[in-house]
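Number of protein chains: 2
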Amino acid sequence: MINVAVLGYGTVGSGVVEVINKNQDIVNKRAGQEIKVKYVLDLRDFPGDPVQEILVHDYNIILNDPEVDIVVEVMGGINPAYGFVKSALEAGKSVATSNKELVAAHGAELLKVAKNNNVNFLFEASVGGGIPVIRALIRSLTADDITEITGILNGTTNYILSKMSAEGSDFDSVLKKAQEKGYAERNPEADVEGYDACRKIAILTSLVCGKQVDYQDIYTEGITKITDTDIKYAKAMGCTIKLFGTSKFEEDKIYSMVAPFVIPTDHVLGNVNDVFNGVFMHGNMLGDTMFYGKGAGKLPTASAVVSDVVDEAKHMGKNIMTIWEEEKIELGNILERKCKFFARVKSSKADVENTFGAVTYVEIPDVTDEVAFVTDVISEGDFQEKIKNLDLVSRIRTTL
Amino acid sequence: MINVAVLGYGTVGSGVVEVINKNQDIVNKRAGQEIKVKYVLDLRDFPGDPVQEILVHDYNIILNDPEVDIVVEVMGGINPAYGFVKSALEAGKSVATSNKELVAAHGAELLKVAKNNNVNFLFEASVGGGIPVIRALIRSLTADDITEITGILNGTTNYILSKMSAEGSDFDSVLKKAQEKGYAERNPEADVEGYDACRKIAILTSLVCGKQVDYQDIYTEGITKITDTDIKYAKAMGCTIKLFGTSKFEEDKIYSMVAPFVIPTDHVLGNVNDVFNGVFMHGNMLGDTMFYGKGAGKLPTASAVVSDVVDEAKHMGKNIMTIWEEEKIELGNILERKCKFFARVKSSKADVENTFGAVTYVEIPDVTDEVAFVTDVISEGDFQEKIKNLDLVSRIRTTL
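These protein sequence lines map, in sequence, to chains A and B.
Be aware that the first sequence starts at 70, since it is given in my numbering, and climbs by one per residue.
Be aware that the second sequence starts at 70, since it is given in my numbering, and climbs by one per residue.
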């Protein structure tokens with residue numbers, strides 16, 4: 070029997086208990102033994118909930134109980150999660166977590182602590198919710214040199230952009246509805262400014278290169294400036310707008326960014342709508358591949374956490390090798406990154422062509438006081454310099 | 070160092086040697102040690118190819134060499150592959166294979182032999198080519214009760230259907246072009262009659278239920294009867310036609326089939342075009358998930374085989390648990406399976422409505438001598454009975 074302690078009885082924590090209970094037979098069979106939740110740690114009480122019988126308020130009860138084999142950390146945030154996880158690993162307990170802040174900041178160190186103590190630190194749920202993207206990356210695509218990883222990694226912003234596109238509504242009114250439905254936080258900054266996607270692409274990029282990518286180093290732009298007019302232009306081009314976390318791995322340089330992109334609707338990520346996530350990867354042997362599923366939500370996230378618990382139960386006493394060293398990688402200067410740009414300006418076509426040469430113009434009905442166009446491939450730095458010559462309304466990168 | 074012997078130097082076999090050589094540093098790092106191809110077995114000689122130096126014609130040289138840790142079987146077909154693989158496992162060597170015929174027929178037995186000899190039998194490349202769908206199923210989605218698995222599992226038929234749709238051409242002319250380009254075999258029966266997809270859905274279904282599903286028991290219908298007119302109707306409905314291998318897991322019954330389906334273009338598999346494959350799964354906790362990538366081809370398939378080699382190198386002396394018992398599962402009677410049907414008949418609308426009640430009619434320009442419609446959800450058996458009352462031109466199942 071494997072005894073599990075769940076730290077935090079919030080949305081994901083209660084989901085973990087629900088998955089283990091509801092799918093008990095399946096989970097036990099696949100783990101090769103019985104998985105039992107022995108403790109749940111939370112500061113609160115839950116009178117009337119059966120969890121009350123196994124609820125503890127003091128983490129030391131869990132840490133000092135030699136019967137606890139696996140600790141599930143689903144509290145979120147760096148503190149006290151970091152201290153709890155590290156001490157659990159040092160005490161010879163494996164840890165499964167959904168905590169992207171913790172993994173982005175301390176993943177490399179915690180993997181080393183796990184290895185030194187011959188236990189496991191797994192974090193499938195920290196990126197892509199229920200999509201098994203981390204396991205795909207580090208355990209399946211092992212024969213490939215990954216040259217690109219690009220994902221729709223945040224369900225809230227994808228929901229907002231999908232609704233703006235479907236309904237023609239503006240950002241503020243869609244955000245308000247998303248908040249009412251519980252799809253967006255009351256303070257939506259972490260989602261809409263791209264900070265959540267930034268931590269996730271930092272984790273994926275670290276796993277691809279096997280070294281530390283600091284999320285603070287990644288250029289991050291959210292979706293707050295996207296307007297319903299931008300979306301109308303995108304539609305006129307047979308496109309949609311998606312928030313990407315993306316890393317390109319060139320010879321000796323890695324370019325990472327989080328930003329909205331105009332992409333064709335038949336792009337491999339063009340049909341990833343609402344709260345779904347999708348992660349695209351390109352390997353030098355495999356070619357293009359994509360993984361799609363629910364990137365958030367109680368049960369999908371809990372499903373990924375429990376799959377880590379099953380994996381850890383099957384690997385008691387054996388560390389699963391994950392290559393992610395603490396040595397920090399310097400990312401390539403984003404100004405050197407090249408792509409096409411969609412831009413709207415209050416300037417003449419002559420000025421546009423004098424600045425960018427040949428461009429592709431886009432027109433939509435009822436908008437006559439501006440010029441919209443798509444540039445050729447150009448570096449970020451060049452674009453920034455050139456656009457100063459024009460009266461810019463808005464610009465979005467594009468994969469067109 | 071891990072010594073590998075590759076059985077068969079055809080398309081996939083030469084791809085395996087290429088992947089191991091070209092991505093040597095990456096593969097060795099992820100395996101934790103050097104992976105070396107010690108032998109290649111083939112009946113032919115390859116003068117001028119460096120492989121000639123490690124080429125052998127006698128399998129016993131490989132079988133009796135205690136230095137060979139892993140055997141890669143990429144010959145295809147049941148014999149002599151079955152005997153070679155079984156004897157390798159019995160000799161304490163792990164095996165990685167891309168051979169769907171072998172896995173569909175003998176997977177359960179070979180997994181047992183591997184377990185008894187404390188080695189591994191892995192077959193990621195046997196379904197979905199480079200898409201890591203088998204690892205996702207048995208090692209990632211372990212917390213879920215899978216209720217449906219539906220895939221576009223055959224690249225050749227998907228290429229043909231995609232081209233028919235893009236060009237408005239008929240089946241025969243597209244098949245001929247596909248054969249000229251090497252996308253279809255000279256004898257295309259295994260692909261176009263659905264036999265290849267049938268073996269693949271049999272393997273996936275066996276892995277979901279943990280017992281043996283015989284591919285001979287799966288109702289299988291190919292794409293040879295799909296016409297350009299069918300595709301015009303599909304387009305008029307905002308749909309496309311795809312060959313599905315699909316299994317639904319109901320309370321105590323499993324319904325499996327291979328057949329073309331009319332699906333909306335915004336279906337999660339609707340954008341899987343050309344030689345790409347896609348596999349959709351639904352878990353009771355995870356919800357919908359989908360995996361997309363190249364389902365065939367030298368390097369994508371070889372990439373999946375080498376990822377199995379890396380996995381086996383990391384699990385020397387430890388059997389990776391895969392639940393697939395030899396006990397055979399009786400599939401549910403396909404006549405009880407329910408779905409909607411798209412049908413074309415040379416009968417009156419009155420006759421259609423007298424037979425099926427309310428239906429949704431579809432019209433396309435220039436076709437006036439028939440009536441086309443979509444039924445409500447109905448069992449296969451009911452549909453077959455009722456359609457006898459009408460003068461049937463063609464019918465295709467649909468997810469509409």
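There may be inaccurate statements among the hints.
[To be verified] Here are the computed lysine to any residue pairs in the SDA-like style, where the Cα-Cα straight-line distance is at most 25 Å:
1) K98(A) - K317(B)
2) K107(A) - D214(B)
3) K98(B) - I398(A)
4) K367(A) - D214(B)
[Stated by the list, open to error] Distance windows between CB atoms, simulated:
5) G251(A) - D241(B): 49 to 57 Å
6) Q93(B) - G251(A): 45 to 53 Å
7) L124(A) - A427(B): 48 to 56 Å
8) N388(A) - L404(B): 18 to 26 Å
Rather than coming from a laboratory, the hints here were simulated on the basis of the structure.
Every residue, glycine too, gets a C-beta built ideally from N, C-alpha and C.
**Range agreement (Cβ of D241(B) with Cβ of G251(A), hint 49 to 57 Å)** = 54 Å, holds
**Prompt:** Between N388(A) and L404(B), does the beta-carbon spacing fit 18 to 26 Å?
**Reply:** 52 Å, violated
**Item:** Beta-carbon spacing of L124(A) to A427(B) - inside the hinted bounds 48 to 56 Å or not
**Value:** 55 Å, holds
**Prompt:** Holds or violated: K107(A) with D214(B), Cα cutoff 25 Å?
**Reply:** The given pair, whose Cα atoms are some 23 Å apart, holds under the 25 Å limit.
**Message:** Does K317(B) sit within 25 Å of K98(A), going by the straight-line distance between their CA atoms?
**Reply:** 21 Å, holds
**Item:** Restraint check for K98(B) with I398(A), where alpha carbons must lie at most 25 Å apart
**Value:** Holds, because 18 Å separates the two Cα atoms, which is no more than 25 Å.
**Range hint 45 to 53 Å (beta carbons of Q93(B) and G251(A)) holds or violated** = The hint (45 to 53 Å, Cβ to Cβ) holds, given that Q93(B) and G251(A) are roughly 50 Å apart.
**Message:** Against the 25 Å threshold, does the CA-CA distance of K367(A) and D214(B) hold or violate the hint?
**Reply:** 16 Å, holds
In the structure shown, a violation is registered for the earlier hint numbered 8 alone.
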